[in-house]
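Just so we're aligned, residue 1 is where the sequence shown starts under the UniProt record's numbering, counting upward by one.
These are calculated hints, taken from the structure and not from any lab test. Ideal Cβ positions, reconstructed from N, Cα and C, are used throughout, including at glycine. One thing to keep in mind: the hints can contain errors.
Calculated cross-link-like contacts (lysine to aspartate or glutamate; reagent style EDC-like; alpha-carbon spacing at most 16 angstroms) [stated by the list, open to error]:
id : residue 1 : residue 2
1  : Lys166    : Glu183
2  : Lys166    : Asp177
3  : Lys166    : Asp101
4  : Lys166    : Glu179
5  : Lys166    : Glu83
6  : Lys166    : Glu104
Simulated restraints on C-beta separations [to be verified]:
id : residue 1 : residue 2 : range
7  : Phe210    : Ser100    : 30 to 36 angstroms
8  : His141    : Phe116    : 23 to 29 angstroms
9  : Leu102    : Arg222    : 36 to 42 angstroms
10 : Thr124    : Phe210    : 15 to 21 angstroms
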Amino acid sequence: MDSAKDLERWYDYFNCRLMPHGAIILIPAILATLGLSASLADDGCDYARLRGSAVEMLTGSNIVPYVDVGTSGYRIPGYYPAENSWRVVYTDECMHYARSDLLEDASWITSEWLRFAGLVVGMTTSTFMWTATFLTLRPNHWRASGMGAIAACLCQVCSLVWFYTKLCRTTATSYGDYESGREVETSASSVDYQPCVPFFGSRCTIASCFLWASAAAFVLLREYPMPMPRLIAYDEKTHMVPPPYSTIPKQKQFSTGGGGGRLNVQTNNSGSTNMKSMNSTMQMSLSSSSYSSSRRPGSFAIVSGTPPPTADVPPDSTNARTSLRTSMRPAAQFDLPGGARPREFAGSKFSDVTFV
1 MDSAKDLERW
11 YDYFNCRLMP
21 HGAIILIPAI
31 LATLGLSASL
41 ADDGCDYARL
51 RGSAVEMLTG
61 SNIVPYVDVG
71 TSGYRIPGYY
81 PAENSWRVVY
91 TDECMHYARS
101 DLLEDASWIT
111 SEWLRFAGLV
121 VGMTTSTFMW
131 TATFLTLRPN
141 HWRASGMGAI
151 AACLCQVCSL
161 VWFYTKLCRT
171 TATSYGDYES
181 GREVETSASS
191 VDYQPCVPFF
201 GSRCTIASCF
211 LWASAAAFVL
221 LREYPMPMPR
231 LIAYDEKTHM
241 VPPPYSTIPK
251 QKQFSTGGGG
261 GRLNVQTNNS
271 GSTNMKSMNS
281 TMQMSLSSSS
291 YSSSRRPGSF
301 AIVSGTPPPT
311 ADVPPDSTNA
321 RTSLRTSMRP
331 AAQFDLPGGA
341 RPREFAGSKF
351 SDVTFV
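Model the full assembly from the supplied sequences, consistent with the hints where possible.
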């Protein structure tokens, strides 16, 4: 198989070009990418802030007010006497759980799998949405990307089930009590007993849910963005041919009367007329039929419209048509103006020519 031809076939099938659906498809793609980024923002030990008896179990001290916990570890805040406050240094490494097998219950494991599924589906969906910037997606493919955004959103929402883990509800102060199930009797209104509250990681999860939901709503609630027509430039080699007869300017000659005047007028297709080849207003002939009749016998004039010789003119007449082309006789000495034979062009296609 020819890989080059296969690549070209796939290129034509998907109509590969830049932004075939227009810039509108950038909105869901950007929203999906932001949702994916928010899902990856936490570092695994800042998902929630834990308070209560479980803090003493994790830290071994009853003076630490809270602990930032996550699915892979936790951080213990430090006390700053100058400010008289407890703060967490987020550049420090996360501390791993001493008994992770004991802490990871059904809610914990379910939350991890749902977060992983949300990341996989979200990454696939966002990547597929970005392919619409250079590939033409069919309507069912476009709707499938919206369904993928909904699936990623649901997985992220369901991953919040981590807050139902036993670590957030226990009152045990040691791992032994936690494993045996012994709980410390505390009042529900006690300050020492507080459930887990959302922190940076869980807040990023909630933000990703809104971003995924926005991308899905944009895709599914709007009409399918029709791809724009593809403009293909063809380099056609054509022969140089003359223009049609209707596009060639036409020259018309108009006679001005018996004086033998000629007026050359050029007309174009739009009906406009242009004066062409006029030395002055028009070219007039100085010879006319009346002028030729006033000259001496034997004189002649070649004017427009001179009739051909009649049958009653004798062959040896002075005005008879003689031509070297037909008689093959040597040319005689002419004492006429211009050296032309009398009525040589009369009756031929040159009879309309006027010598000026």
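Do the hints match the structure? See the list:
no.	hint	result
1	Lys166 x Glu183	holds (12 angstroms)
2	Lys166 x Asp177	holds (13 angstroms)
3	Lys166 x Asp101	holds (13 angstroms)
4	Lys166 x Glu179	holds (11 angstroms)
5	Lys166 x Glu83	violated (34 angstroms)
6	Lys166 x Glu104	holds (9 angstroms)
7	Phe210 x Ser100: 30 to 36 angstroms	holds (31 angstroms)
8	His141 x Phe116: 23 to 29 angstroms	holds (25 angstroms)
9	Leu102 x Arg222: 36 to 42 angstroms	violated (49 angstroms)
10	Thr124 x Phe210: 15 to 21 angstroms	holds (20 angstroms)
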